[in-house]
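Chemist: Here the working numbering = 1-based position in the sequence shown + 5.
If you are wondering where the hints come from, they were derived from the structure by calculation, not from laboratory data.
By construction, the Cβ of each residue, glycine as well, lies at the ideal position given by its N, Cα and C atoms.
Please note that the accuracy of each hint is not assured.
Said to hold, decoys possible - Okay, the calculated beta carbon distance ranges per label pair:
| no. | residue 1 | residue 2 | range |
| --- | --- | --- | --- |
| 1 | Arg-140 | Asp-181 | 17 to 25 Å |
| 2 | Asp-181 | Asn-86 | 16 to 24 Å |
| 3 | Val-207 | Ala-179 | 55 to 63 Å |
What the hints assert, rightly or not - Listed below are the simulated SDA-like cross-link pairs for lysine to any residue, each with C-alpha atoms no more than 20 Å apart in a straight line:
| no. | residue 1 | residue 2 |
| --- | --- | --- |
| 4 | Lys-44 | Leu-137 |
| 5 | Lys-168 | Gly-108 |
| 6 | Lys-44 | Arg-140 |
| 7 | Lys-161 | Glu-50 |
| 8 | Lys-168 | Arg-140 |
| 9 | Lys-84 | Asp-134 |
| 10 | Lys-161 | Val-109 |
| 11 | Lys-168 | Ser-145 |
| 12 | Lys-84 | Lys-196 |
| 13 | Lys-32 | Val-56 |
| 14 | Lys-70 | Gly-108 |
| 15 | Lys-168 | Thr-122 |
| 16 | Lys-103 | Leu-206 |
| 17 | Lys-161 | Met-149 |
| 18 | Lys-84 | Glu-130 |
| 19 | Lys-196 | Leu-206 |
| 20 | Lys-168 | Asp-92 |
| 21 | Lys-103 | Lys-185 |
| 22 | Lys-161 | Thr-122 |
| 23 | Lys-47 | Thr-100 |
| 24 | Lys-65 | Asn-118 |
| 25 | Lys-44 | Pro-66 |
| 26 | Lys-47 | Ala-74 |
| 27 | Lys-103 | Lys-168 |
| 28 | Lys-161 | Glu-192 |
| 29 | Lys-161 | Leu-206 |
| 30 | Lys-146 | Ile-82 |
| 31 | Lys-161 | Leu-42 |
| 32 | Lys-44 | Lys-32 |
| 33 | Lys-146 | Asn-118 |
| 34 | Lys-185 | Thr-225 |
| 35 | Lys-65 | Leu-19 |
| 36 | Lys-84 | Ala-197 |
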Amino acid sequence: MPAWAIVIIVVGVLALITLCCSIRIVKQSTAVIVERLGKYHKTLETGVHLVFIFFDRTHKPISLKETVADFNPQPVITKDNVTMQIDTVVYFQVTDAKLYTYGVDRPIRAIENLTATTLRNIVGELELDETLTSRDTVNSKMRMILDEATDPWGIKINRVELKNILPPQDIQEAMDKQMKAERERREQILKAEGEKKANILVAEGEKQAQILRAEAAKATKIMEAEAQKEALLAIAEGESRAIQLINEANPNAAYVTLQGFEALKKLADGNATKLIIPSEIQNVTGLLASMSEVVKKDTTTISMPIASELDVKKVKTTSKTTKK
Numbered sequence: 006m007p008a009w010a011i012v013i014i015v016v017g018v019l020a021l022i023t024l025c026c027s028i029r030i031v032k033q034s035t036a037v038i039v040e041r042l043g044k045y046h047k048t049l050e051t052g053v054h055l056v057f058i059f060f061d062r063t064h065k066p067i068s069l070k071e072t073v074a075d076f077n078p079q080p081v082i083t084k085d086n087v088t089m090q091i092d093t094v095v096y097f098q099v100t101d102a103k104l105y106t107y108g109v110d111r112p113i114r115a116i117e118n119l120t121a122t123t124l125r126n127i128v129g130e131l132e133l134d135e136t137l138t139s140r141d142t143v144n145s146k147m148r149m150i151l152d153e154a155t156d157p158w159g160i161k162i163n164r165v166e167l168k169n170i171l172p173p174q175d176i177q178e179a180m181d182k183q184m185k186a187e188r189e190r191r192e193q194i195l196k197a198e199g200e201k202k203a204n205i206l207v208a209e210g211e212k213q214a215q216i217l218r219a220e221a222a223k224a225t226k227i228m229e230a231e232a233q234k235e236a237l238l239a240i241a242e243g244e245s246r247a248i249q250l251i252n253e254a255n256p257n258a259a260y261v262t263l264q265g266f267e268a269l270k271k272l273a274d275g276n277a278t279k280l281i282i283p284s285e286i287q288n289v290t291g292l293l294a295s296m297s298e299v300v301k302k303d304t305t306t307i308s309m310p311i312a313s314e315l316d317v318k319k320v321k322t323t324s325k326t327t328k329k
C-alpha cells in the first residue's frame with residue numbers, strides 16, 4: 006500500500022474521531038457553558054451541538070430545575086437573649102447559567118452563609134414568642150432578601166422555610182408548664198360554661214313546665230265552666246220546655262192545687278225550724294176536698310193491681326205445695 010493511502014486513512018480516522026468528540030448532546034432542563042480559548046463563548050441549551058475540541062472547552066452541565074437545599078441548624082439569638090437552633094430549607098432555581106458559573110464561587114455555600122446571616126438579623130429583632138408565632142413573616146422576609154441578593158448570581162429564590170426551631174431545654178420545660186397551665190385554665194372555663202348552660206337549660210325547662218301546667222289548669226277550668234254552663238242551659242231549657250208543655254196542656258185547678266201541696270210538703274220536710282205560709286192560700290176546705298178526690302182516684306187505681314199481685318202470689322205458693 007502506498008504511503009499516501011496510509012496518510013489519507015489516518016487523516017480520515019482522526020477527522021472522524023474529532024467529529025465524534027466535537028458533538029455535544031445537552032439534556033432537558035440543563036445548560037452547558039462553552040469557553041473558547043479560556044473566554045466565555047456561548048451557552049448550550051437542550052439539543053445537539055457542535056464544538057471545536059481544539060479551541061472550545063465545555064463545563065459541567067448545570068441543572069435548571071428547582072433545587073432544594075437543606076442547611077444545618079444555626080445558633081440564633083432573639084431580642085430577649087434566648088439562644089435557639091434554627092435550620093432552614095431553601096428552594097432555588099438557576100435562571101442564568103452564565104451568571105451562575107461566573108457570578109460567585111461555590112454558589113450553594115454562598116447561599117448557606119447568606120441564609121444564616123439573614124436569619125440572625127431577622128430573628129434578632131424578634132422576641133421568643135414572636136419567633137415561634139411569626140414563621141410566615143420570617144419566611145417571606147428571608148425570601149425577599151435572599152432573592153435580591155442572589156439575583157446577580159443567576160439564582161431565583163422561590164421559597165424559604167424554617168424547618169425546626171429548637172429553644173434551650175429550660176425554655177422548653179417552661180413552655181410546657183405554661184402550655185399545661187393554659188390548657189387547665191381553658192378546661193376550667195369550658196367546664197364552668199357547660200355548667201352555666203346546663204343550669205340555664207334546667208331553669209328554662211322548669212319555667213316551660215310551670216307555664217304548661219298553668220295553661221293546662223286554665224284550660225281545665227274553662228272546660229269545666231263551659232260544661233257547667235251547658236248543663237245549666239240544658240236544665241233551663243228542660244224546665245222551660247216542661248212549663249211550655251204544661252201550659253199547652255191547660256192543667257185544671259186540681260193539678261195546680263196538687264203541685265202546690267207537693268211544694269208545701271217539700272218545704273215541710275226541710276231543716277227549717279219555722280215555716281211561713283203565704284196569706285194568699287185560702288179555701289183550705291176546697292183544697293182538701295179536691296185533694297181527697299184525687300187521692301181516692303189514685304188509691305182505687307193502685308189497689309186493683311196490688312190485689313191482683315197478691316192473688317198471683319197465692320197461686321204460686323199453692324202450686325209449690327202441690328208439687329212437694
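Chemist: With reference to the structure, classify each hint as holding or not holding.
Modeler: Cross-check of the supplied hints:
| no. | hint | result |
| --- | --- | --- |
| 1 | Arg-140 / Asp-181: 17 to 25 Å | holds, 20 Å |
| 2 | Asp-181 / Asn-86: 16 to 24 Å | holds, 21 Å |
| 3 | Val-207 / Ala-179: 55 to 63 Å | violated, 42 Å |
| 4 | Lys-44 / Leu-137 | violated, 50 Å |
| 5 | Lys-168 / Gly-108 | violated, 28 Å |
| 6 | Lys-44 / Arg-140 | violated, 45 Å |
| 7 | Lys-161 / Glu-50 | holds, 19 Å |
| 8 | Lys-168 / Arg-140 | holds, 10 Å |
| 9 | Lys-84 / Asp-134 | holds, 10 Å |
| 10 | Lys-161 / Val-109 | holds, 14 Å |
| 11 | Lys-168 / Ser-145 | holds, 14 Å |
| 12 | Lys-84 / Lys-196 | violated, 38 Å |
| 13 | Lys-32 / Val-56 | holds, 16 Å |
| 14 | Lys-70 / Gly-108 | holds, 19 Å |
| 15 | Lys-168 / Thr-122 | holds, 16 Å |
| 16 | Lys-103 / Leu-206 | violated, 75 Å |
| 17 | Lys-161 / Met-149 | holds, 10 Å |
| 18 | Lys-84 / Glu-130 | holds, 5 Å |
| 19 | Lys-196 / Leu-206 | holds, 15 Å |
| 20 | Lys-168 / Asp-92 | holds, 6 Å |
| 21 | Lys-103 / Lys-185 | violated, 56 Å |
| 22 | Lys-161 / Thr-122 | holds, 18 Å |
| 23 | Lys-47 / Thr-100 | holds, 15 Å |
| 24 | Lys-65 / Asn-118 | violated, 24 Å |
| 25 | Lys-44 / Pro-66 | holds, 17 Å |
| 26 | Lys-47 / Ala-74 | violated, 28 Å |
| 27 | Lys-103 / Lys-168 | violated, 31 Å |
| 28 | Lys-161 / Glu-192 | violated, 48 Å |
| 29 | Lys-161 / Leu-206 | violated, 62 Å |
| 30 | Lys-146 / Ile-82 | holds, 18 Å |
| 31 | Lys-161 / Leu-42 | violated, 30 Å |
| 32 | Lys-44 / Lys-32 | violated, 24 Å |
| 33 | Lys-146 / Asn-118 | holds, 16 Å |
| 34 | Lys-185 / Thr-225 | violated, 59 Å |
| 35 | Lys-65 / Leu-19 | violated, 25 Å |
| 36 | Lys-84 / Ala-197 | violated, 39 Å |
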